[in-house]
Amino acid sequence: MVSIDGRGDGKSLIRARGLGKTYRRGGEEIDVLQGLNLDVDAGDFVAFMGPSGSGKTTLLNLLGGLDVPSAGSVIVAGDEITHMSARKLTAWRARHVGFVFQMYNLIPVLTTFQNVELPLLLTSLSKAERRRHVETALAVVSLGDRMHHYPRQLSGGQEQRVGIARAIVADPTFLLCDEPTGDLDRKSADEILDLLDRLVRDHGKTALMVTHDPLAAERARIVLHLEKGVLVEAAAAGRTQSPAPA
Amino acid sequence: MKYLHLVVSNLFRKKTRTALTAGSFAVALFLFGILAAVDGAFKQGVDVAGVDRLVVLNRVSIIQPLPLAYRDRLARIPGVTGVTFANWFGGVYQDERNFFPQFAIDREHYRQMYPEFVVPDDQWQAFLTDKEGAIVGEALMERFNWKIGDRIPVKGTIFPGSWEFNIRGVYKGRRIQDDTTQFWFRWDYLDERKSFTKGLVGWYVIRIANPDDAVRLVKVIDEQFVNSPTETKTDTEKAFAASFVKQMGNIQLLIMSVGSVVFFTLLLVTGNTMAIAVRERTRELAVLKAVGFGDGFVLALVIVETMTVAVVGGGVGLGLAKLFTLRGDPTGGLLPFFYVSPQSIALGLGLALAVGLAAGILPALSASRLRVVDALRRI
Chain A
1 MVSIDGRGDG KSLIRARGLG KTYRRGGEEI DVLQGLNLDV DAGDFVAFMG PSGSGKTTLL
61 NLLGGLDVPS AGSVIVAGDE ITHMSARKLT AWRARHVGFV FQMYNLIPVL TTFQNVELPL
121 LLTSLSKAER RRHVETALAV VSLGDRMHHY PRQLSGGQEQ RVGIARAIVA DPTFLLCDEP
181 TGDLDRKSAD EILDLLDRLV RDHGKTALMV THDPLAAERA RIVLHLEKGV LVEAAAAGRT
241 QSPAPA
Chain B
1 MKYLHLVVSN LFRKKTRTAL TAGSFAVALF LFGILAAVDG AFKQGVDVAG VDRLVVLNRV
61 SIIQPLPLAY RDRLARIPGV TGVTFANWFG GVYQDERNFF PQFAIDREHY RQMYPEFVVP
121 DDQWQAFLTD KEGAIVGEAL MERFNWKIGD RIPVKGTIFP GSWEFNIRGV YKGRRIQDDT
181 TQFWFRWDYL DERKSFTKGL VGWYVIRIAN PDDAVRLVKV IDEQFVNSPT ETKTDTEKAF
241 AASFVKQMGN IQLLIMSVGS VVFFTLLLVT GNTMAIAVRE RTRELAVLKA VGFGDGFVLA
301 LVIVETMTVA VVGGGVGLGL AKLFTLRGDP TGGLLPFFYV SPQSIALGLG LALAVGLAAG
361 ILPALSASRL RVVDALRRI
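So the sequences go chain by chain: A and B. All residue numbers for the first sequence refer to the numbering used here, where the first residue is 1 and numbers rise by one. All residue numbers for the second sequence refer to the numbering used here, where the first residue is 1 and numbers rise by one.
Bound conformation, chain B alone (with noise of 0.2 Å):
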C-alpha cells in the first residue's frame, strides 16, 4: 500500500492518455458485454435445458407435424415417466415487431413437464375451465403491460383468422434465466379451430426417469416409428435447444472473431501507449534504481500501472454494458435473455487484466532492464 501513491501519481502524470487508454479498454469491454449478452440470449435454451427431457419431432421437419395417436405409444415405452406435446402458433400481435412464442399447449400435462415453470393453482384452473384461456410468462405480461382478464387478439399466420385468448394466468420462472416471455394456449382450442393438420400436433415433450439412459431412449423411441409414414427424430431437449441456436448460425465464432480482432487491437493501442509511458520516464526510472529500487519492482510497477488503467476503463466497459441490459432485449423479442451474467463480467474482467499484462509487459521488462549509468547518460 505505501507504493499506492507512486501508481496513482503516475496514471495522472498525463490525464488525457490515461483517460483515453481507460477509454479503449471501456469501449472493448463494453462490446464484449454485449456480445456476451448476445451469445448468452442464443445459448439460454441451451443452458436451462432439463436433462431429463426428450424431445421428439418429426424426421423430415422440424415444421412437419406428428400425430396425436404417439402419445400413448410413447407413455408405454419403459423408461418414460411422462409425454407432453405442444405446437408453435406464430400468430401476430398488433405488429410484427411484437414477437413473442406462441405455443399451444397439452392441458393436461404440459404443466407437470416444466416445473421451472410456475403458475398458480387457482389460475391454472381458470385457464382450464376457458377454451379461449391462456397462460402468460411474467415477462411478456410486464412488456406488454397485460393483467389477468385482458382479451388479447392474435392474426394468425400458419392458422389464418383473428383468434382472441383471455389471459387466465401468469406464470413465473423459479430460476432468473428461465425465459419467460412465452404464450401459452389450449391445444385443443387451437385443433378445434384450425382447419387443416387435425389431430396432429408439432412435437412430443418426454421425461425420463434415468438422464444416463437417455441415448437408449432416443434410439428405442425413434426405432418405434421407422418405416412408419411418419417416422420421428428424437433428441435431448439440450440438443434440440442447441439446434435452434445453429439454426442462426455461428454465433460464438462470430462473437470470438469480433472479440479478438477489438482485443488485439487493444493490445497493440496499449502496449504502445506503455512504451511511451516508460520512454518518457527513462530518467526517473533510472533515479528509482539509483536510490535502491530493485529491476522486480519497477517491473511490477509499471505492470501495475496498466493493468490498474485495464481494470478501470473494462469495468466501466463492462458496468456500461450491464446498464445498457438493464433495459431488457432491444431487439422486441428475439433475445428475451439479454443480460451480462456475473460470468460474463468476472471473463470481460479477467480478459482486461489478461490483455493489460500483455500490454505492459514489454514496456516493463525494458523498464526493468534499463541500466541506471546509460539511462542518464541517454538524456
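Okay, chain A solo, but in the shape it has when bound (with noise of 0.2 Å):
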C-alpha cells in the first residue's frame, strides 16, 4: 500500500512526512521538493514520474540516505535516518539499499563476478559466503556464466543486470531505481523491468523507480506523479486516484 497523504498506519516499510530539499544556486533558493509525504510499504513497486527538475531524483537521493533534507524526516524499517552522522548513513545504505543506476555506473576494471562482490566485501561473509551469494544474484538476472566477463565484454542489458545483481547481493531491505531503462533499447528495457517485477512479485522486495518511459512505469503497481517539487497524483495499476494535498 503506498499513500501521499501523510495519513499512514505506521507500519509503512518507508515514511517521508513534510519532506522539503532546497538547493541554493547563485543566490537564489530553489525549492525542489516541498513538504512531502509518502508510505510505502513492504513488497511495493513503485514508480516516479513527472517532468525534468520536478525532483524525483532528489526524492529518490533523500529516500536512499544519498542527500540530506532540509526539512521533514525519512523513516526506513523504524530507522531515522534523516538526522545520522555521514558515517552512519553510508552504513546503513551499505545494508538497507541496493541502488540501480542508469548508467549502470559499473567499474570497468572489474569482472562480473567481482563488480556484484562489492558490497558483500562491507560484511563478514567468508570469501566462500561471498561466492555463493554473487553466484546466486547472477543466477537471479540470468549471467550466471557472463562471471568473468569485463562490463565492456557486455551488451548495454547484460550490464544493467550486473547492476541489477550488485544492488540485491547484499538482500538490502528495498531498491532504488534511477531511470534503470533510460539508456536501454525497448527490448532490453522490458528484459531489465520483468526482472524487477519478478524480484518484487517473486523475491518480495521493495522497489522505488525514477523513469520518463511510461511503458517502464506501467510496470509499477503504483505510479506517482511529480509536479515542482509536489507529489500531485496517483494511479494504481493504469487506474488513476484522487489527487491528494501534499
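Mixed in with the good hints, there may be bad ones.
What the hints assert, rightly or not - In silico DSS-like links for lysine-lysine, alpha-carbon gap of 30 Å or less:
id: 1; chain 1: B; residue 1: Lys147; chain 2: B; residue 2: Lys322
id: 2; chain 1: A; residue 1: Lys127; chain 2: B; residue 2: Lys155
id: 3; chain 1: B; residue 1: Lys147; chain 2: B; residue 2: Lys194
id: 4; chain 1: A; residue 1: Lys88; chain 2: B; residue 2: Lys2
id: 5; chain 1: B; residue 1: Lys194; chain 2: B; residue 2: Lys233
id: 6; chain 1: B; residue 1: Lys198; chain 2: B; residue 2: Lys219
id: 7; chain 1: B; residue 1: Lys172; chain 2: B; residue 2: Lys155
id: 8; chain 1: B; residue 1: Lys43; chain 2: B; residue 2: Lys233
id: 9; chain 1: B; residue 1: Lys15; chain 2: A; residue 2: Lys127
id: 10; chain 1: B; residue 1: Lys246; chain 2: B; residue 2: Lys322
id: 11; chain 1: A; residue 1: Lys127; chain 2: B; residue 2: Lys14
id: 12; chain 1: A; residue 1: Lys11; chain 2: A; residue 2: Lys228
Hint data in this document are derived by calculation from the structure and do not stem from the laboratory. The structure displayed is predicted, hence computed values, not measured ones.
Got two chains here, each in a separate frame; can you build the complex from them with the hints?
Here it is in C-alpha cells:
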C-alpha cells in the first residue's frame, strides 16, 4: 500500500513526512521538494514520474540516504535516517539500500563477479559465502555464465542486469532504481523491467523507480507523479486516484 | 586482503600511465641509490675510524713530514699505549688512472695498530724478511689480478724513480666496510732509497688507553711539540678522516640538493598523475560510496594505490642501483667503497613511501570528500 497523504498506518517500510529540499544557486533558493509525504509498504513497486527538474531523483537520493533533506524526516524500517551522521548513513546504505543507476555504473576494471561482490566486501562474510551470494544473484539475473566477463564485454542490457545483481546481492531492505531503462533499447528495457517485476513479485523485494518511460511506469504497482516538487497524483495499475494534498 | 584486487585492478587500468609513474620513481630512486653510494664511499673512512686512535700531523700541512724521533716521545706520554707511523707514497702503477693508495708503513707496529686488517702470520713474516716486500688488500689484488709473489713496478711521483715491490701477503678486512684497496710497503725501504726528507715520516697514529681521554691527550700531545721547529696537529682518527672528506667539498649538501630537486619534481608529477586518475574515476568512487564504502576507505584506497606505485617503482630503482654498484668502483680507485648499503635501501624505500603518501594525500582527500549526489550529477 502506498499513500501520499501523510496518514499512513505507521507500519510502512518507508515513511517520509514533510520532506523538503532546497538548493541555493547563485543566491537564489530553489525548492526542489516541498513538504512531501510518502508511505511505502514492504513488497511495493513504486514508479515516480514527472518532468525533468520535478525532483524525482532528489526524492530518490533522500530516501536512499545519499542526500539530507532541508526539512522533514525519512524513516526506513524504523530507522530515522534524517539526522544520522555521514558515517552512520554510509553504513546504513550498505545494509538497507540497493542502487540501480541509469548508466549502470559498473567498475570497468572489475569482472562481473567482482562488481557484484563489491557490497559484500563490507560484510563479515567469508570468501566462500561471498562467492555463493554472488553466484545466486547472478543466477537471478540470468548471468551466471558471464561471471568472468568485464563490463566492456557485455551488452547494455547485460550491464544493467549486473547492476541489479550488485543491488540485490547483499539482500537490501529496498531497491532504488534511477531510470534503470533510460539507456536501453526497448527489448533490453523490457527484460530489465521483467527482472524488477520478478524481484518484487517472486522475491518480495520493495522497489522505488524513477522513470520517464510510461511503458516502464506501467510495470510498477503504483505510479506517483511529481510536479514542481509536489506529489500531485497517484495511479495504481492503470487507475488514477484522486489527487492528494502534498 | 579482500580489497587487494581493487588496488591491483586500478593500477592496471592505465598500464602505460602506471608504468611511467612507477618508472619516474625508479629513476629517482636509482639516482638516490647511486648518490647514497657516492656519499657512503666518501664517508666510509669516517664511519670505520677507530675510536681509540689519534692521528698526529705536521701543524703546517698534511704534506709536511714529522721527525722519526717523535715516535719515542709520543710513546712515553701517559695514556698512549701504542705508536706507529706511515708515509704517503703516491706512485703510479702502469697508468695514472690506476689509482690506489700506497703507504710506506712502520713494519714493527703498523699491523698491531690496525687489528681490523688481517694478515696471515706466515705472509707477514715473509714481508718482514723482504725489504722490497708489500702487503696488498684483497680488493686491490682482485682488481689487478695479482697473486702473491708477483713483482709490481711503481713509478714514483713524490719520490722519483722506478720502484719495484714483491707481493708477500694479502690483508683482508674483518668488516665488509674495511678498505682493502691499499698497498703497503716498508718505510725503511722508502727511507733508504729516497734522496730527501730522510728520517722523516708522514704522520703518526697513536692508540690510547681510554677513548674518553682523547680530548685531553690531543692537547697534551700538541703541547709537547709547541714552539719546536715541527709543531704537531693531533686529531681523532674520525676527525682526520672527516677532514679528508671535507677537502672534496660538501658532498652531502650536493647530494641533498640534487636529491631534493628530484624528489620535489617527482612529488609534483605523481601528485598531478594521481589527481587526474582520481578525476577520471569520480563516478566509480561515487558508486563505491553509494553502496556503502566510507570516506576513509576511499581515502585509503587512493593512498595505497599511490604508495604501491611508489614502492614498486622505488624498489626497482634501488634494485638497479644495487646491481650497478655490484660492479664496484666506477672511478678506477677514487671510491673504493662504492655500494648501496641496506640502510640506504631502507631510507630510499622510506623516501619513496613518503613521496607516495605526499603525492596521494590531496587527490585522496578530494576523493574522500566527494559528495555522491554531486559526483553522480557532475558527469
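Against the structure, the hints:
For the hint linking B:Lys147 to B:Lys322, the alpha-carbon distance of about 29 Å falls within 30 Å, and the restraint holds. Of the pairs offered as hints, the one joining A:Lys127 and B:Lys155 is violated, with about 75 Å between alpha carbons and a cut-off of 30 Å exceeded. Distance hint between B:Lys147 and B:Lys194 is fulfilled; the C-alpha atoms sit about 27 Å from each other, no more than 30 Å. Between A:Lys88 and B:Lys2 the alpha-carbon distance is near 22 Å, which keeps this suggested pair within the 30 Å criterion.
Simply put, B:Lys194 and B:Lys233 have alpha-carbon atoms about 25 Å apart, close enough for the 30 Å limit, and the pair holds. As the CA atoms of B:Lys198 and B:Lys219 are separated by approximately 28 Å, the hinted pair is consistent with the 30 Å bound. Using a Cα cut-off of 30 Å, the hinted pair B:Lys172 and B:Lys155 holds, with the two alpha carbons roughly 26 Å apart. As the CA atoms of B:Lys43 and B:Lys233 are separated by approximately 22 Å, the hinted pair is consistent with the 30 Å bound.
A C-alpha spacing of about 28 Å is found between B:Lys15 and A:Lys127, which places the hinted pair at or below 30 Å, so the restraint holds. At most 30 Å may separate the alpha-carbon atoms for a hinted pair to count; B:Lys246 and B:Lys322 meet this at roughly 26 Å. Simply put, A:Lys127 and B:Lys14 have alpha-carbon atoms about 28 Å apart, close enough for the 30 Å limit, and the pair holds. A hinted pair counts as satisfied when its Cα atoms are at most 30 Å apart, and A:Lys11 with A:Lys228 qualifies at roughly 28 Å.
Comparing the model with each numbered hint stated earlier shows that hint 2 is the single one that does not hold.
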